[in-house]
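Protein sequences, first through last, are from chains A and B. The opening residue of the first sequence carries number 1 in my numbering; numbering runs sequentially from there. The opening residue of the second sequence carries number 1 in my numbering; numbering runs sequentially from there.
Honestly, the hints are just simulated from the structure, not real lab data. Mixed in with the good hints there might be a few duds.
As the list claims (entries may be wrong) - Far from chain B by the CB rule (all over 12 Å, computed), these chain A residues:
no., residue
1, 7
2, 15
3, 29
4, 42
5, 54
6, 93
Said to hold, decoys possible - Using C-beta positions, here's what the derived DEER-type ranges look like:
no., chain 1, residue 1, chain 2, residue 2, range
7, A, 26, B, 50, 28 to 38 Å
8, B, 159, A, 26, 28 to 38 Å
9, A, 50, B, 127, 45 to 55 Å
10, B, 129, A, 50, 50 to 60 Å
11, A, 104, B, 486, 24 to 34 Å
12, A, 50, B, 357, 44 to 54 Å
13, A, 47, B, 490, 52 to 62 Å
14, A, 102, B, 131, 24 to 34 Å
15, B, 357, A, 51, 23 to 33 Å
Glycine included, every Cβ here is placed at the ideal spot set by N, Cα and C.
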Amino acid sequence: MPLWFARGLRRGIVTTRYPARPDSSAAGLPTPPAFRAGMLDHRLADLLVTVCPSRALYRDGDVLQFDVGRCTACGRCQEAAPGAVAPSGEFELAGTSRAAFVKQIPLAPEVGR
Amino acid sequence: MTTLQPRPGTAASLLSAIGGAAPREGDRVVTVPVPAAQLEAAVHHLAAAGARLADLFAADGDQVTLRLVWGLDSERQYLVTETPIDAPEYPPLSDIAPAAFTEECEIYEQFGVRPAGGKPLNRVALPPGAGPDFPRLGHQPQEAPEEVHAPHTVGGQAFEFPFGPVRQAGVESLYYGLVTSGEEIVDLYLFTWHKHRGLEWRLRGRRPAEAMFLAERTEGLSATAISWALAAAVESALGVQPPSGALLTRGIALELERLYNHAAAMAALCQSTGLSVGQAAAEIALERLLRLNAATFGHRYLFGVLDAGGVRRAPDQAALRDGLPGAYGELRRAADALLATNSFMDRLEATGIVTTEQARRLGLVGPVARAAGVPIDGRLDQPTAPYAAYPPALAVRDAGDVLARLRVMLDEAADSVRLIGDLLDAGPAGGTAALPAGGGSGLGWAESSRGEALAWVSLDADGRITRARLRPASVRNWRGFDDAARSQNVFTDIPIIEASFWLTVAGTAR
Numbered sequence: 001m002p003l004w005f006a007r008g009l010r011r012g013i014v015t016t017r018y019p020a021r022p023d024s025s026a027a028g029l030p031t032p033p034a035f036r037a038g039m040l041d042h043r044l045a046d047l048l049v050t051v052c053p054s055r056a057l058y059r060d061g062d063v064l065q066f067d068v069g070r071c072t073a074c075g076r077c078q079e080a081a082p083g084a085v086a087p088s089g090e091f092e093l094a095g096t097s098r099a100a101f102v103k104q105i106p107l108a109p110e111v112g113r
Numbered sequence: 001m002t003t004l005q006p007r008p009g010t011a012a013s014l015l016s017a018i019g020g021a022a023p024r025e026g027d028r029v030v031t032v033p034v035p036a037a038q039l040e041a042a043v044h045h046l047a048a049a050g051a052r053l054a055d056l057f058a059a060d061g062d063q064v065t066l067r068l069v070w071g072l073d074s075e076r077q078y079l080v081t082e083t084p085i086d087a088p089e090y091p092p093l094s095d096i097a098p099a100a101f102t103e104e105c106e107i108y109e110q111f112g113v114r115p116a117g118g119k120p121l122n123r124v125a126l127p128p129g130a131g132p133d134f135p136r137l138g139h140q141p142q143e144a145p146e147e148v149h150a151p152h153t154v155g156g157q158a159f160e161f162p163f164g165p166v167r168q169a170g171v172e173s174l175y176y177g178l179v180t181s182g183e184e185i186v187d188l189y190l191f192t193w194h195k196h197r198g199l200e201w202r203l204r205g206r207r208p209a210e211a212m213f214l215a216e217r218t219e220g221l222s223a224t225a226i227s228w229a230l231a232a233a234v235e236s237a238l239g240v241q242p243p244s245g246a247l248l249t250r251g252i253a254l255e256l257e258r259l260y261n262h263a264a265a266m267a268a269l270c271q272s273t274g275l276s277v278g279q280a281a282a283e284i285a286l287e288r289l290l291r292l293n294a295a296t297f298g299h300r301y302l303f304g305v306l307d308a309g310g311v312r313r314a315p316d317q318a319a320l321r322d323g324l325p326g327a328y329g330e331l332r333r334a335a336d337a338l339l340a341t342n343s344f345m346d347r348l349e350a351t352g353i354v355t356t357e358q359a360r361r362l363g364l365v366g367p368v369a370r371a372a373g374v375p376i377d378g379r380l381d382q383p384t385a386p387y388a389a390y391p392p393a394l395a396v397r398d399a400g401d402v403l404a405r406l407r408v409m410l411d412e413a414a415d416s417v418r419l420i421g422d423l424l425d426a427g428p429a430g431g432t433a434a435l436p437a438g439g440g441s442g443l444g445w446a447e448s449s450r451g452e453a454l455a456w457v458s459l460d461a462d463g464r465i466t467r468a469r470l471r472p473a474s475v476r477n478w479r480g481f482d483d484a485a486r487s488q489n490v491f492t493d494i495p496i497i498e499a500s501f502w503l504t505v506a507g508t509a510r
């Protein structure tokens, strides 16, 4: 056991200062999407609703609702509409109510593609 | 598939034994219709011929069809028998092949048909109180399954110690019933249904591309292996050959999955033996491997890599070549230090022994079977690309104890690093073949870090799934856990044995 104690001391601290400081490894994590509202019309929104496997997206009239709490950051929406969807880079999700996780994205009139 | 006489071997001998069947033979899978009246004779024949019962499941519809999947490992072939069941009972197959018992229970829960003879059937996946409206693949059984319990009366100084389903932080829900006299384990039983999510039920009606998302969540720690098995089943059903670059990518992802799982098992072994610094050392290696996964494929647990027909992502080869030696070196240093620590080795040696006979009888797979002297590895016995051209080295030990399982895992981890290097050198990675319209059925498989993962799928003419069977290795190996726990072990050995099996409850309850 003393050898393991010495081995532990020799290895030193490997944990980072997160959350006091950002962790560099977070840059490689998949994150939920961010939507460019001006690039989304009804047709594209319906396509995104179709490709989302965890049903985090649904359209309510002229609004695309995005439930971040259901998103698994799988990236399928980004693949389907790379011009309108990009990784948000936000992987820390916290809120005081369930409704805080549902984002409303207004849809534009038909967008030329 | 075409109808013809199978090549000489076990499948041909089965046909001569039962007579009259018209087999459908593919490259690697031969399907033989077996009437219900001849099912018992067929199982006797195959068990006597040394065939390995790999799975047993039912398909839904107006008529229940039993399918038995047999591994003919020496012949590099799978044999599937299909038997329509018209009556509420079928022959008691686990009396002949004990490996069938868990699946007999599962079929009873899901379809309401049971083996003849009145044998008690345990609850394995559906929760108590699952009524007629509970999502299931077939019909509710007339009588609820038995609750699993110790098969004897607890008396004298022995008592039952309930543990779980909520256990320590970060460990899956699992209820242990431990029968103990205070030190020695007299008996052990498990409730595994707390994590049932009805995944096979949810897959019905989905297209293969949608199904992959759920398949890789069946057992998150085997995401690559199970999604590979399902993708291969779909590809077999539709007659699709993925691009060679996609198969190389699958091999790389699967070996990365094996590496991080074996590192995680080693960390769990340290935790269960109270070796905190060893646990930290193993977890440093594990974290580096997970970050390497993210750098290579964009996901720490390799989700979203595979697709039906190919792969969705190609590896970042530079990141993998750059990061792998350091991450594996971390694992190797921790392992070498552990293997030189007598107090650690003493806890593993002669603990949780699974004998060769038990492993064969129960149809165990993966490192648990290989550590018990059963030399089965799907990458060698049932090789598909890229393993046909890049075979792994078989890691096998005879002792059957926890130490043998750790040594098998360490040998495999070293070989995975070699294989990844070979696969990276083999050519460009990535690519996907388009899936043609139409339906069919097929069997797929992959050797996960826990052992053989199987999938069987049936697609309708519109290309939607009518039945998907997912059989992770955990489904097989939990049935060996209680035997290992009873083999002259004490109370504190149980977490050590569980870590060495490194199974998931999610995979078995799915």
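Status of the hints after comparison with the structure:
no.: 1; hint: 7; in the structure: violated, 6 Å
no.: 2; hint: 15; in the structure: violated, 10 Å
no.: 3; hint: 29; in the structure: violated, 6 Å
no.: 4; hint: 42; in the structure: holds, 22 Å
no.: 5; hint: 54; in the structure: violated, 8 Å
no.: 6; hint: 93; in the structure: holds, 17 Å
no.: 7; hint: A/26 with B/50: 28 to 38 Å; in the structure: violated, 52 Å
no.: 8; hint: B/159 with A/26: 28 to 38 Å; in the structure: violated, 49 Å
no.: 9; hint: A/50 with B/127: 45 to 55 Å; in the structure: violated, 32 Å
no.: 10; hint: B/129 with A/50: 50 to 60 Å; in the structure: violated, 36 Å
no.: 11; hint: A/104 with B/486: 24 to 34 Å; in the structure: violated, 58 Å
no.: 12; hint: A/50 with B/357: 44 to 54 Å; in the structure: holds, 53 Å
no.: 13; hint: A/47 with B/490: 52 to 62 Å; in the structure: holds, 59 Å
no.: 14; hint: A/102 with B/131: 24 to 34 Å; in the structure: holds, 33 Å
no.: 15; hint: B/357 with A/51: 23 to 33 Å; in the structure: violated, 50 Å
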